[in-house]
Amino acid sequence: MYGSCSSSALKISGLVSKVSATFSGPTSGTCLGTISVRTITNIPEWEHHIRFSPSDGRKRPAQDVLDRFKRLNNGMWVKIQPGYHNRRYQKDPLWKTTSKYLTTCTKEENWMLDKMMTPFWLRRRHYAHDPYEAYHNRHGIKSPRVNQQGEFVRERPKVLLDDITSDMYIRDR
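Note that our numbering numbers the sequence shown so that position 64 is 64, with each residue one more than the last.
I should point out that these hints are in silico values taken from the structure, not numbers from a laboratory. A portion of the hints provided could be inaccurate.
Said to hold, decoys possible - With a cut-off of at most 20 Å between alpha-carbon atoms, the simulated SDA-like pairs for lysine to any residue come out as follows: (1) K107 - K96; (2) K96 - V78; (3) K115 - K100; (4) K70 - K91; (5) K115 - G83; (6) K91 - V78; (7) K70 - N110; (8) K79 - D114; (9) K115 - Y84; (10) K70 - F120; (11) K59 - P119; (12) K70 - K115; (13) K79 - K96; (14) K70 - P93; (15) K59 - S99; (16) K96 - Y84; (17) K100 - F120; (18) K107 - L72; (19) K79 - D130; (20) K100 - G83; (21) K79 - R124; (22) K59 - L102; (23) K79 - F69; (24) K107 - N73; (25) K79 - R68; (26) K107 - K91; (27) K100 - Y84; (28) K107 - V65; (29) K59 - M116; (30) K70 - P119; (31) K79 - T103; (32) K100 - P119; (33) K79 - W95; (34) K70 - R60; (35) K79 - H136.
Hey, can you work out the whole structure from these sequences and the hints?
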């Protein structure tokens, strides 16, 4: 019976997270391993995926993002150091002051956070006595990516090529 499977070789019951296979080898009943299968039951709820409302089918914003991050009007997201409120009584005064400093998110994090929000939360916000007023404008950048109407602006001018160069490098005709 070398190389054949026993009768209980593959067990799958409903949505299971592991599938075990028993194969008979030189010694009968040797289990060669357990194969982990990714099913709907073992995808964590906090994993980055877009949630939809069951009532109307529209995209729901991730509430954790709204609680932990702040979106500036220029499209950047800022956050406070994680765990800044844990055991503050044990920390020194320098840590207590620097732990509340805001840090900006990276380009990939900004893209991911924008995907987890609805268009309502991506609009510009104007509040009276806004403490973030000084940070809404980015300085030192020649052209913003989005103008006041929210339309995408090219960061560099479009280059027009002559026919010979375009025929050499671009195959669209």
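Each hint, compared with the structure:
For the suggested pair K107 and K96, the alpha carbons sit about 28 Å apart, so the restraint of at most 20 Å is broken. Only pairs whose Cα atoms come within 20 Å are accepted, and K96 paired with V78 is accepted, the gap being roughly 19 Å. A C-alpha spacing of about 26 Å is found between K115 and K100, which places the hinted pair above 20 Å, so the restraint is violated. Proximity of K70 to K91 is assessed by CA-CA distance (about 26 Å); at most 20 Å being required, the pair is judged violated.
A C-alpha spacing of about 25 Å is found between K115 and G83, which places the hinted pair above 20 Å, so the restraint is violated. The suggested pairing of K91 with V78 is violated, with an alpha-carbon distance near 24 Å, which exceeds 20 Å. As the CA atoms of K70 and N110 are separated by approximately 11 Å, the hinted pair is consistent with the 20 Å bound. About 14 Å separates the Cα atoms of K79 and D114, which keeps this hinted pair within 20 Å; it holds.
The straight-line distance between the Cα atoms of K115 and Y84 is roughly 26 Å, outside the 20 Å bound, and the hint therefore fails. Distance check on the hinted pair: K70 and F120 sit about 14 Å apart at the alpha-carbon level, within 20 Å; holds. Annotation: proposed proximity of K59 to P119 holds, straight-line Cα distance about 10 Å (limit 20 Å). Distance restraint check for K70 and K115: the Cα-Cα separation of roughly 15 Å lies within the 20 Å cut-off, and the hinted pair is therefore satisfied.
Taking the CA atoms of K79 and K96, the gap is about 16 Å. The hint holds against a cut of 20 Å. Restraint check: the Cα-Cα separation between K70 and P93 comes to about 25 Å, which exceeds 20 Å; the hinted pair is violated. Restraint check for K59 and S99: the C-alpha separation of about 33 Å exceeds 20 Å, so the hint is violated. Taking the CA atoms of K96 and Y84, the gap is about 8 Å. The hint holds against a cut of 20 Å.
At roughly 27 Å between alpha-carbon atoms, K100 and F120 are farther apart than 20 Å, so this suggested pair is violated. With a CA separation close to 14 Å, the supplied pair K107 and L72 stays within the 20 Å bound. Annotation: proposed proximity of K79 to D130 holds, straight-line Cα distance about 16 Å (limit 20 Å). For the given pair, K100 sits about 10 Å from G83 by alpha-carbon distance, which is consistent with the 20 Å threshold.
For the hint pairing K79 with R124, the CA-to-CA distance comes to about 18 Å; that is within 20 Å, so the pair holds. Annotation: proposed proximity of K59 to L102 is violated, straight-line Cα distance about 28 Å (limit 20 Å). About 5 Å separates the Cα atoms of K79 and F69, which keeps this hinted pair within 20 Å; it holds. Between K107 and N73 the CA atoms are separated by roughly 15 Å; this keeps the pair inside 20 Å, and the hint holds.
At roughly 7 Å between alpha-carbon atoms, K79 and R68 fall within 20 Å of each other, so this suggested pair holds. Between K107 and K91 the CA atoms are separated by roughly 32 Å; this puts the pair beyond 20 Å, and the hint is violated. About 7 Å separates the Cα atoms of K100 and Y84, which keeps this hinted pair within 20 Å; it holds. In summary, the hint linking K107 to V65 is supported, as the alpha carbons are separated by about 16 Å, within the 20 Å threshold.
Proximity of K59 to M116 is assessed by CA-CA distance (about 9 Å); at most 20 Å being required, the pair is judged to hold. With a C-alpha separation of about 15 Å, the suggested pairing of K70 with P119 holds against the 20 Å cut-off. Between the alpha carbons of K79 and T103 the distance comes to roughly 5 Å, so the proposed pair stays at or under 20 Å and holds. For the hint linking K100 to P119, the alpha-carbon distance of about 28 Å lies beyond 20 Å, and the restraint is violated.
As the CA atoms of K79 and W95 are separated by approximately 16 Å, the hinted pair is consistent with the 20 Å bound. The straight-line distance between the Cα atoms of K70 and R60 is roughly 17 Å, inside the 20 Å bound, and the hint therefore holds. Distance restraint check for K79 and H136: the Cα-Cα separation of roughly 14 Å lies within the 20 Å cut-off, and the hinted pair is therefore satisfied.
The earlier numbered hints that this structure contradicts are 1, 3, 4, 5, 6, 9, 14, 15, 17, 22, 26, 32.
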